[in-house]
Amino acid sequence: MSIGVIAEPVRVRIIRRRRWGAWLLGAAVLLVLAIIVVAGARARIIDPDVFFHYLTSGEVLLGARNAILVGTVSMAVAVVVGLAAALMRLSGNPILTGVAAAYVYFFRGTPMLIQILFWYNAFPTMFPRLHLALPFGGPVLVDAAMPAVVTPFIAAVAGLGLAEGAYMSEIIRGGILAVDRGQQAAARALGMTRPQMYGRVVLPQAARIIVPATGNQYIMLLKSTSLASVIGFLELLRITQGIYSANFRVVELLAVAAFWYLVMTAVVTAIQTALERWFPVR
Amino acid sequence: MNATSEIQRQDAIRVEGLRKVFSGFQALKDISFHVRGGEVIALLGPSGSGKSTLLRCINHLEEIDGGRIWVNGELIGYEEHGAVLRQMSDAAVSAQRRAIGMVFQGFNLFRHMTALQNIMSGPVYVLKAPRAAAEEKARRLLAKVGLADKADSYPAQLSGGQQQRVAIARAIAMDPKVILFDEPTSALDPELSQEVVATIKTLAEEGQTMLIATHEMAIAKGCADRVLFMVSGELVEDVPAAEFFAAPRHERSRQFLAMHG
Ligand SMILES: Nc1ncnc2c1ncn2[C@@H]1O[C@H](COP(=O)(O)OP(=O)(O)O)[C@@H](O)[C@H]1O
Ligand SMILES: [Mg+2]
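Taken in sequence, the protein lines are chains A and B. Its first residue numbered 1, the first sequence is counted upward by one per residue in the numbering used here. Its first residue numbered 1, the second sequence is counted upward by one per residue in the numbering used here.
Among the clues, some could well be false.
If you want the ones that stay clear, here's a sample from chain A, every Cβ over 10 Å from chain B, calculated [as the list claims (entries may be wrong)]:
{"#": "1", "residue": "Val38"}
{"#": "2", "residue": "Val142"}
{"#": "3", "residue": "Asp180"}
{"#": "4", "residue": "Ala187"}
{"#": "5", "residue": "Arg249"}
Examples of chain A residues lying across from chain B (beta carbon under 7 Å, computed) [said to hold, decoys possible]:
{"#": "6", "residue": "Arg181"}
{"#": "7", "residue": "Gly182"}
{"#": "8", "residue": "Ala186"}
{"#": "9", "residue": "Ala189"}
Computed beta-carbon distance windows for the label pairs [stated by the list, open to error]:
{"#": "10", "chain 1": "B", "residue 1": "Glu79", "chain 2": "A", "residue 2": "Gly199", "range": "20 to 30 Å"}
{"#": "11", "chain 1": "A", "residue 1": "Ile14", "chain 2": "B", "residue 2": "Glu136", "range": "51 to 61 Å"}
{"#": "12", "chain 1": "A", "residue 1": "Pro280", "chain 2": "B", "residue 2": "Arg131", "range": "42 to 52 Å"}
{"#": "13", "chain 1": "B", "residue 1": "Gln255", "chain 2": "A", "residue 2": "Glu276", "range": "50 to 60 Å"}
{"#": "14", "chain 1": "B", "residue 1": "Leu85", "chain 2": "A", "residue 2": "Gly138", "range": "52 to 62 Å"}
{"#": "15", "chain 1": "A", "residue 1": "Glu276", "chain 2": "B", "residue 2": "Arg140", "range": "33 to 43 Å"}
Hints were generated in silico from the structure; no laboratory data involved. Remember, it's a predicted structure, so these values are computed and weren't measured experimentally. Glycine included, each C-beta is placed from N, C-alpha and C at the ideal position.
Bound-form chain B, shown alone:
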């Protein structure tokens, strides 16, 4: 074992030279950064800058065109054989995703399942946990996100803020090492997004490692240790959050802050 792999092991997420191309259009250009365990990172940038694509590459929902990604020291999506990266089987990639939670802008709760069933779905179907234990845990998580009385409600019967809190509970039911958030509050009006921000703050205080793409300054200022700022597929700033808000270096960061306050 050499020194770099020791460093990689300590990182919750490590991205090196990541490139992603959509039919000739370069959506991610040579992205490198790392996230230590327990850190909360705000991923900022104008619309279309590649935030969603970056998150989707980290759990291999998108196939990458260059570079490497490790989560908890495990190379995502590929087996390394010397200089060759061989793509893993579907089952092996699925197994890697268990450690990576994801929360979507559109909530994406399973519409044919109740809130409780949504939260149980990962542990029961993917981890093959016993039903009774999974249900007990799901009820505990529902209480934690303040929705103990909504166990038997279907997504269509819940407000957007409630749906997103169930979606967060569904993600943490898998005990993921990291959680990726893709604009968790962008589909919510300001009042409802406060519920979700509060839930994310609680997780931050508990030391959950999170990478959060967002336009919500309450999350970036209130929870984030560091800010990654992207423009047109490039990572242009990777700085402590306080520094980003006090003295943004990049011209586009200043414009962005002027617009979003």
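Chain A on its own, in the form it takes in the complex:
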């Protein structure tokens, strides 16, 4: 071969390996789904008229609204309490660390249902009057009978929010620990105070880890609002149960409840996606 002659490139055709296994599996899954849907339709499981009638009835919408309200307020409580507990746990102060660890242990370690029952039934008998006054003979801020203060709504928010706060504290702590320690040293060396270091450097980076897990928790919490039915709170599941115990349209009404929970989940998922864009991977 002589130098200077460049060989003509050979035209080649690329044939990719066929993924037969994936295609077969996909077909099998579609087949099973089709069988279920057809069987359901044949058996007339759901009467569409009944379903759509209750889907937007006033009672059901009230229940959905209450679920969103309690779930969202509880989540806000959980984020604030969880952030405080996480920062206490990481403060290096043994007392704050111990208190935060004990809080997480008790509130994560007992069922949410027990906590809701506690706040509604036990707490007001333990402390019959709520009396808040400024110290040293200052003016009285609140003075009321505890059962009047602890409504089902308040008890539900206390039970769900404080239990969820324990989970959130571990999620937030994990997010903070995942941020390289060198980031903190750099922030401190620039002259940032601890609050500035957390606010400007650590939490914006921890958010990347905290946000997806928080979306998950928010969805779980919205569905856990159904637990508040035990203290007579008018949430979605209790209302639909009330209706079907009178008219026996169990499947339609459970489907109505499921539909609204799915709508809530879709909205939270959209919020989570937006927040993840706000805190991208760098």
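Put chain B with the ligands on the given structure of chain A with help from the hints.
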């Protein structure tokens, strides 16, 4: 005012009898030295000899167990009440750190901020400077370290040498009285470390006071006025740089020079 405090005032850094103990292990043993304004000091010594710990004590990232440190005549981290040293509040120590820049071996750029935002972060968040002025200054400093076109790059998009030059710009954006460097080139391969050495040389020529822990002989020979040599938490040499390289006194200094050329 007595004579010693007059001398202290002239020193950019003054360290007296500094001791640091990590759970029973004495990392710094009775260290004393001073750095005059405009001086460049190379802090040399084998790994584990306490160089990083010394630098971290100077800006109070580590709490000291004995001795005193002044930067620009200000006692760092403590208020002196007669024979008692009372540790300052977090806010007061943070305020003292504004005058002390620090550059790390691992760069430690804020990963969620662009190069420009990193450089602006100190002036804007700590000094509360107006944004427009801070941005103008940050762009000037980026140009100075040769990275004018990287303003909007995130740290992950920059090479190690570029990240370290941004980190140096971030430190000088605070107009610090002194800058502490903790092995600024140790994480870089030889080619990239030359960019950083050149940037440090420029600062030395401008009269910036610097204390540089390093294994890079180009910095120690090319920029340093004096060499501090540490072994196992002790300061064993404090001599003019030329003297250190021509006639090292300590046995460990000779070994060190034989190894690092
Ligand atoms: N946070 C710490 N806890 C315990 N020991 C430490 C800590 N930091 C440093 N040391 C020890 O102090 C000594 C000096 O470390 P360092 O200052 O990092 O040395 P150099 O920077 O010279 O390599 C080493 O023996 C190291 O193991
Ligand atoms: Mg070191």
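| task | Under 7 Å, Cβ to Cβ, is where Gly182(A) needs to be relative to chain B, so tell me if that hint holds or is violated. | result | holds (4 Å)
| message | Please check whether Ala186(A) passes as an interface residue: C-beta within 7 Å of a C-beta belonging to chain B. | response | The hint holds - Ala186(A) has a Cβ within 7 Å of chain B, the shortest such distance being about 4 Å.
| Does the Cβ-Cβ separation between Ile14(A) and Glu136(B) fall within 51 to 61 Å? | Holds - the Cβ-Cβ distance for Ile14(A) and Glu136(B), about 53 Å, lies within 51 to 61 Å.
| field | Minimum Cβ distance from Arg249(A) to chain B greater than 10 Å, as the annotation requires | value | Its Cβ never comes within 10 Å of chain B, the nearest being 52 Å, so this holds.
| request: Grab the minimum C-beta distance from Ala189(A) to chain B and call the hint holds if it beats 7 Å, violated otherwise. | output: Constraint on Ala189(A) satisfied, holds at 4 Å.
| query | Is the interface hint for Arg181(A) satisfied, with its Cβ closer than 7 Å to some Cβ of chain B? | reply | violated (9 Å)
| task | Check the non-interface label on Ala187(A): least C-beta distance to chain B beyond 10 Å or not. | result | Nearest chain B Cβ is 8 Å from Ala187(A), so the label is violated.
| query | CB of Glu276(A) to CB of Arg140(B), is that within 33 to 43 Å? | reply | 35 Å Cβ-Cβ, so the 33 to 43 Å window holds.
| Are all beta-carbon distances from Val142(A) to chain B longer than 10 Å? | holds (34 Å)
| field | Range agreement (Cβ of Gly138(A) with Cβ of Leu85(B), hint 52 to 62 Å) | value | violated (39 Å)
| query | Honestly, do Gln255(B) and Glu276(A) meet the 50 to 60 Å range at C-beta? | reply | Holds - the Cβ-Cβ distance for Gln255(B) and Glu276(A), about 54 Å, lies within 50 to 60 Å.
| Using the C-beta atoms of Glu79(B) and Gly199(A), is the stated range 20 to 30 Å upheld? | Hint holds: Cβ distance 27 Å, inside 20 to 30 Å.
Hint compliance for this structure: hints 3, 4, 6, 12 and 14 are not met, and every other hint is.
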